[in-house]
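Letter by letter, the chains look like this.
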Amino acid sequence: MRHFLDFEKPIAELEGKIEELRRMTEPEGVNIAEEVARLSEKTERQLRVIYAKLTPWQKTLVARHPERPKAMACITALLTEFTALAGDRAFADDAAVVGGLGRFRGRPVLVVGTEKGTDTESRLKHNFGMARPEGYRKARRLAELAGRFGLPILTFVDTAGAFPGIDAEARGQAEAIARSIEAFLDAPVPIVATITGEGGSGGAIALAAADRILMLEHAIYSVISPEGCASILWREAQAAEQAAEALKLTAEDLKRLELIDAIVPEPLGGAHRDPEAAIAAMGDAIAAALEPLAGIEGPALKARRREKFLAMGRDHGG
Amino acid sequence: MSWLTEYVRPKIRTLLGRREVPENLWHQCPACQQMIFQRDLEKNLKVCTHCGHHMRATAAERLAWSFDEPGPTRIELPKAPFDPLRFRDQKRYAERLREAREKTRMEDAVLVAHGRIGGQPAVVVAMEFSFLGGSMGAAVGEALLAAARLAVLQAAALVIYTASGGARMQEGAISLMQMPRSVIALSLVKEKGLPVVIVLTDPTTGGVTASFAMLGDIQIAEPGALIGFAGARVIEQTVREKLPEGFQRAEYLHEHGIIDMVVRRTELRETLARLLGLLASEPAAAA
Ligand SMILES: [Zn+2]
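Top line first, the protein sequences correspond to chains A and B. Each residue of the first sequence is one higher than the one before, starting from 3 at the first, in our numbering. Each residue of the second sequence is one higher than the one before, starting from 2 at the first, in our numbering.
What the hints contain is simulated information worked out from the structure, not anything from laboratory work. Computed from a predicted structure; not experimentally measured. Warning: the hint list may mix true and false statements.
Said to hold, decoys possible - Here are the simulated lysine-lysine pairs, BS3-like style, with alpha carbons at most 25 Å apart: (1) B/K243 to A/K310; (2) B/K80 to A/K257; (3) A/K257 to A/K310; (4) A/K11 to A/K55; (5) B/K104 to B/K92; (6) A/K11 to A/K44; (7) A/K310 to B/K191; (8) B/K80 to B/K104; (9) B/K80 to B/K92; (10) B/K47 to A/K304; (11) B/K47 to B/K104; (12) A/K55 to A/K127; (13) A/K55 to A/K44; (14) A/K19 to A/K44; (15) A/K310 to B/K80; (16) B/K193 to A/K304; (17) A/K55 to A/K310; (18) A/K127 to B/K243.
To be verified - Here are some chain B residues the structure puts well away from chain A; computed CB gaps all over 10 Å: (19) C33; (20) Q35; (21) H54; (22) D90; (23) R99; (24) K193; (25) Q249.
Don't be surprised by glycine CBs; every beta carbon is placed ideally from N, CA and C.
Please work from the sequences and hints to get the whole structure.
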């Protein structure tokens, strides 16, 4: 059963009709195939209209869509010989952060991502993509491992944010995030980060201090969730729509602010309608981002990465 | 060295802002409710003389309390983009900024000065909580970078007093990017073998804690200071558990191995002087 967002209702209705037609046994006087084709065309037209002008809040909902491709789906589709690595070597393996070694288009790489899970069971296992300190310490360990072996790093970011828990605080959530940022900034290898869904605050930047930062067309990247921002600044969570607007969290906004490098186009109707095509587009964008970084020596890469972040935000605003 | 000529025109100023409080004012301690003579409170660095409660201090006070004679030399801070998102909630961010500037007579939530601590050269950054909750936007990021570069130039230690509710959300993802930018600032200093000492003061939370504030060579906190990543309310709503006694307080962090020490404000300067002396790789020019 496909999950439809509120503003996708017209699509749901059309597709419902198409389904119905397909199940019908040749009624008299109706050419089913013709009718299905007509409705399919209409669906596509509708999708085009709706998705051409999504509001920041609607994009937030798309970015959180349960059927959107998750980190493990991207990793297993884009990598061969994927070999998962686990643990922070101190406390635990945090399943909210996944990672390991593999080949991307023939070349060995290291991958790290935040994984939200795809059904109730796996969502619980991955803690809905909200990592604890162990997760960020694992990310840091993997970044260091990549540095040791000269492996490019690919990250896939999709998280509401770091897990707000008693245990997480007791084990140094803030320090773990800070060290992860530091490790990525220091890695002497090319890093390409892709914000695939939700780029939620500190939990996202912990895996996104990269040379090239890509964002899926309908992904969001923000310092705080629209709901969190609304409850603080508007003092009511219902203002989330306005907050989403004000925060400038869409890929287009981030590109305009020069905080990301490229936007990866999504299939019509969002990545959740065709995850395979979305992942394929991501693969092409990652390959294109990696290519110019290939010949650069570690220290130069690091220096350039620093300059990139130091330049951020400087030319914007009055 | 254009950044220097551009930004670091030393401005020797009076150490403290003008006192507008009458001398005979009494102050009530928010912790023990006892009355304290204003002058005694000032002399005791805003620590309650009855119960030892550490009241919040301003950035200017932090600078005044930190250095050897003749005190700090403030530096002018780089200009940062003004209201890059033209952010508006129920009020315009531009308006909030103007009000905060008027209230605190500061450009943004941070002051930077240099001088000596225990004879050792030091650059000190002090955050101002009363300036939009000490939140970190581009201006704070730029200030940290300017401070770090000055420390490198002067072969000085970098000491940072944190006080912040986290990232400045009115600057959206630009404020988020101050996390890596501030981490880079600290790396610039550390790479030169110079010490970075963080003094966590009440309160330090969110994106500030999850970036430069946790990356000192030495981590100090003031007694009772609230220090954490997530807000207590958010945690309670998420885990639906009562928070343990003393949760996210300086002493709790010390017990959990997250910071090196909890130091009373009245012993802070002496502690900093000792630490900077021990960490100075080369003997500083004899004072
Ligand atoms: Zn008291």
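Tell me the numbers of any earlier hints that the structure contravenes, in ascending order.
Violated hints: 1, 10, 12, 17, 22, 25; rest satisfied.
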